[in-house]
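Which chain is which? The protein sequence lines are G and B, in order. Heads up, the first sequence is in the working numbering, so the first residue is 1 and it goes up one at a time. Heads up, the second sequence is in the working numbering, so the first residue is 1 and it goes up one at a time.
The hints are simulated quantities; they were obtained by calculation from the structure and are not laboratory data. Don't be surprised by glycine CBs; every beta carbon is placed ideally from N, CA and C. Some clues are possibly wrong.
[Stated by the list, open to error] Computed list of chain B residues with no C-beta within reach of chain G, every gap over 12 Å: (1) E45; (2) A47; (3) A57; (4) R96; (5) L100; (6) E126; (7) I182; (8) A214.
[Stated by the list, open to error] Chain G is faced by these chain B residues, among others (derived, beta-carbon under 7 Å): (9) A52; (10) L65; (11) T66; (12) Q67; (13) A70; (14) Y74; (15) A97; (16) A103; (17) C104; (18) P108; (19) L112; (20) A146.
[Claimed, not checked] Only part of the chain G face toward chain B is listed, based on derived beta-carbon distances under 8 Å: (21) Y8; (22) L69; (23) A70; (24) E73; (25) A91; (26) A93; (27) L100; (28) A103; (29) C104; (30) D105; (31) R128; (32) S130; (33) R134; (34) R152; (35) Y157.
Protein chains: 2
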Amino acid sequence: MLTLFTYYRSSAAFRVRIALALKGLDYDAVPVHLQRDGGQHRTAEFAARNPARLIPALDVDGSVLTQSLAILEYLEETHPEPPLLPVGALARARVRALALAVACDMHPLNNLRVLRYLAGELKLDEERRSRWYRHWVETGFDALEAMLRRDRPEGPYCHGERPGLADCCLVPQVFNARRFDIPLEPYPSILAVHDACMRLAEFERAAPAAQADAE
Amino acid sequence: MLTLFTYYRSSAAFRVRIALALKGLDYDAVPVHLQRDGGQHRTAEFAARNPARLIPALDVDGSVLTQSLAILEYLEETHPEPPLLPVGALARARVRALALAVACDMHPLNNLRVLRYLAGELKLDEERRSRWYRHWVETGFDALEAMLRRDRPEGPYCHGERPGLADCCLVPQVFNARRFDIPLEPYPSILAVHDACMRLAEFERAAPAAQADAE
Numbered sequence: 001m002l003t004l005f006t007y008y009r010s011s012a013a014f015r016v017r018i019a020l021a022l023k024g025l026d027y028d029a030v031p032v033h034l035q036r037d038g039g040q041h042r043t044a045e046f047a048a049r050n051p052a053r054l055i056p057a058l059d060v061d062g063s064v065l066t067q068s069l070a071i072l073e074y075l076e077e078t079h080p081e082p083p084l085l086p087v088g089a090l091a092r093a094r095v096r097a098l099a100l101a102v103a104c105d106m107h108p109l110n111n112l113r114v115l116r117y118l119a120g121e122l123k124l125d126e127e128r129r130s131r132w133y134r135h136w137v138e139t140g141f142d143a144l145e146a147m148l149r150r151d152r153p154e155g156p157y158c159h160g161e162r163p164g165l166a167d168c169c170l171v172p173q174v175f176n177a178r179r180f181d182i183p184l185e186p187y188p189s190i191l192a193v194h195d196a197c198m199r200l201a202e203f204e205r206a207a208p209a210a211q212a213d214a215e
Numbered sequence: 001m002l003t004l005f006t007y008y009r010s011s012a013a014f015r016v017r018i019a020l021a022l023k024g025l026d027y028d029a030v031p032v033h034l035q036r037d038g039g040q041h042r043t044a045e046f047a048a049r050n051p052a053r054l055i056p057a058l059d060v061d062g063s064v065l066t067q068s069l070a071i072l073e074y075l076e077e078t079h080p081e082p083p084l085l086p087v088g089a090l091a092r093a094r095v096r097a098l099a100l101a102v103a104c105d106m107h108p109l110n111n112l113r114v115l116r117y118l119a120g121e122l123k124l125d126e127e128r129r130s131r132w133y134r135h136w137v138e139t140g141f142d143a144l145e146a147m148l149r150r151d152r153p154e155g156p157y158c159h160g161e162r163p164g165l166a167d168c169c170l171v172p173q174v175f176n177a178r179r180f181d182i183p184l185e186p187y188p189s190i191l192a193v194h195d196a197c198m199r200l201a202e203f204e205r206a207a208p209a210a211q212a213d214a215e
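Here chain G stands alone, though its shape is the one from the complex (with noise of 0.2 Å):
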C-alpha cells in the first residue's frame, strides 16, 4: 500500500511520481498544499509523517520515505522492472550523476522556501529574484547539457533507449524552468530529452496539470 504526499507543482514530488508511473506503481495522492493554510508541510501532523517537513514524502506499509532520490532508489531497489538504472558501475554512476546534477546542484537553490527568504528576509526585489533564479537554472543547465554530451549512449532519452533516473530529474526541472520563463534555446540536449519523455504516457500523467490537486 503506496500513498504519496505530494503537491501538484512541486518538483521533486513530480520525480516521484514519475517514478510510480515507469514502474506501474498504484498509489494513492495526498495533496500538501506548500502556500495554503502558511504551508501544510509545515504543520505538526505532516511533521509526524515527515520531520523535515519537506514534500515528497512516500507511505510504505507504514514507513514514511523521504528525499526523492532516495524513494527512486526504494522503488528501484524493490521494483526492478523496469529498470531506472541501467546494468554497469560507471554507466550508473553517469545516471547518478546527472540526477544529482539537477537534485543538488539546481533545485535546493529555486526551490519556494528560498524564494521566500530572497523575498522575506532579504526584501529583493522581484527584477533580482528573477536574476538569481535564472543564474542558477543557466548554470546548473549549462553543466547538464554538456555533461549530457559526453558519454551517451544512443537513444532519446538520458542514457539510451529507456527513461531512467536522470529523466525524472531532468523532466520537472524543465517544467519549472518555463514557469520563470528562462530561454532553453542554448540547451538542445536537455529539451530533445523532455520532449523525448512528454511523448510516454508516464510523464504526462505524472505532470503538474494532471494531478488532481493541480489549480
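Please build the complex by placing chain B on the supplied structure of chain G, with the hints as guidance.
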C-alpha cells in the same frame, strides 16, 4: 588507478575521501584550488574533466566520475566491503535520505559559489551573509536531528554499528558549521555521530587538516 580531484576544504570532496578511506582504497590526490587563479575548477583544463566545473571528480582508469553521492554509490557497487549501505531496502532508504538531507537541503545553499553570489551580485554585507548561512544550517540540522532520532538502530553512527553513506555526509557538514561558528548544542545526536566518526582513523585521514593542500 584512482585519481581524486579534491580541495581540502570542499565538503563534497571530504565525503569522497572518507568513503575511499573506509573502503581502504588508495588514490592519487590532485588538488584543485577553488579560490586561487580565480578558481582552478573554472579553467578549461578542469572543465574537460568535469564540465560542471565542480569538485570532487574521481578519475577511474580514464573515466571521470562526478557528483559525490554518485561516486559513493559507485564505490559501494564496485567495492562492496565494508558496506556503506545496510541490508534491506527500507534501511537503505533511511540512510540515503539522511545523506541527501545534507547533500540536497544544506550544502548547495551554503557552498562557495552561493556565498560569492550573495557578496558579489547581491552585495549583502557580512552580517546578512552570516544570517543566510546560519539559517540554512539550522533548518537543515533541525531536520537531520529529527530524522536521526527516528527508526535508528543501536550504534554510534547514523545507522548502527558501522559508519556509512550518511556519516560520510554528516561529518563534513559539521566541520563546515563549526568553521562558521554555528552553535551546535541543539543537535546532540548529530554531534554524537560526528564524535564517534572522528574517533576513526579513516575519518581523521580524510579531514581537511590532513590533506596535502591544507593551508
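Here is how each hint holds up against the structure:
no.: 1; hint: E45; in the structure: holds (15 Å)
no.: 2; hint: A47; in the structure: violated (8 Å)
no.: 3; hint: A57; in the structure: violated (10 Å)
no.: 4; hint: R96; in the structure: violated (4 Å)
no.: 5; hint: L100; in the structure: violated (4 Å)
no.: 6; hint: E126; in the structure: holds (14 Å)
no.: 7; hint: I182; in the structure: holds (17 Å)
no.: 8; hint: A214; in the structure: holds (25 Å)
no.: 9; hint: A52; in the structure: holds (4 Å)
no.: 10; hint: L65; in the structure: holds (5 Å)
no.: 11; hint: T66; in the structure: holds (5 Å)
no.: 12; hint: Q67; in the structure: holds (4 Å)
no.: 13; hint: A70; in the structure: holds (4 Å)
no.: 14; hint: Y74; in the structure: holds (4 Å)
no.: 15; hint: A97; in the structure: holds (4 Å)
no.: 16; hint: A103; in the structure: holds (6 Å)
no.: 17; hint: C104; in the structure: holds (5 Å)
no.: 18; hint: P108; in the structure: holds (4 Å)
no.: 19; hint: L112; in the structure: violated (13 Å)
no.: 20; hint: A146; in the structure: holds (3 Å)
no.: 21; hint: Y8; in the structure: violated (21 Å)
no.: 22; hint: L69; in the structure: holds (6 Å)
no.: 23; hint: A70; in the structure: holds (4 Å)
no.: 24; hint: E73; in the structure: holds (6 Å)
no.: 25; hint: A91; in the structure: violated (10 Å)
no.: 26; hint: A93; in the structure: holds (4 Å)
no.: 27; hint: L100; in the structure: holds (4 Å)
no.: 28; hint: A103; in the structure: holds (6 Å)
no.: 29; hint: C104; in the structure: holds (5 Å)
no.: 30; hint: D105; in the structure: holds (6 Å)
no.: 31; hint: R128; in the structure: holds (7 Å)
no.: 32; hint: S130; in the structure: violated (12 Å)
no.: 33; hint: R134; in the structure: violated (11 Å)
no.: 34; hint: R152; in the structure: violated (12 Å)
no.: 35; hint: Y157; in the structure: violated (18 Å)
In terms of the numbered hints stated before, the structure departs from hints 2, 3, 4, 5, 19, 21, 25, 32, 33, 34 and 35, listed from lowest to highest.
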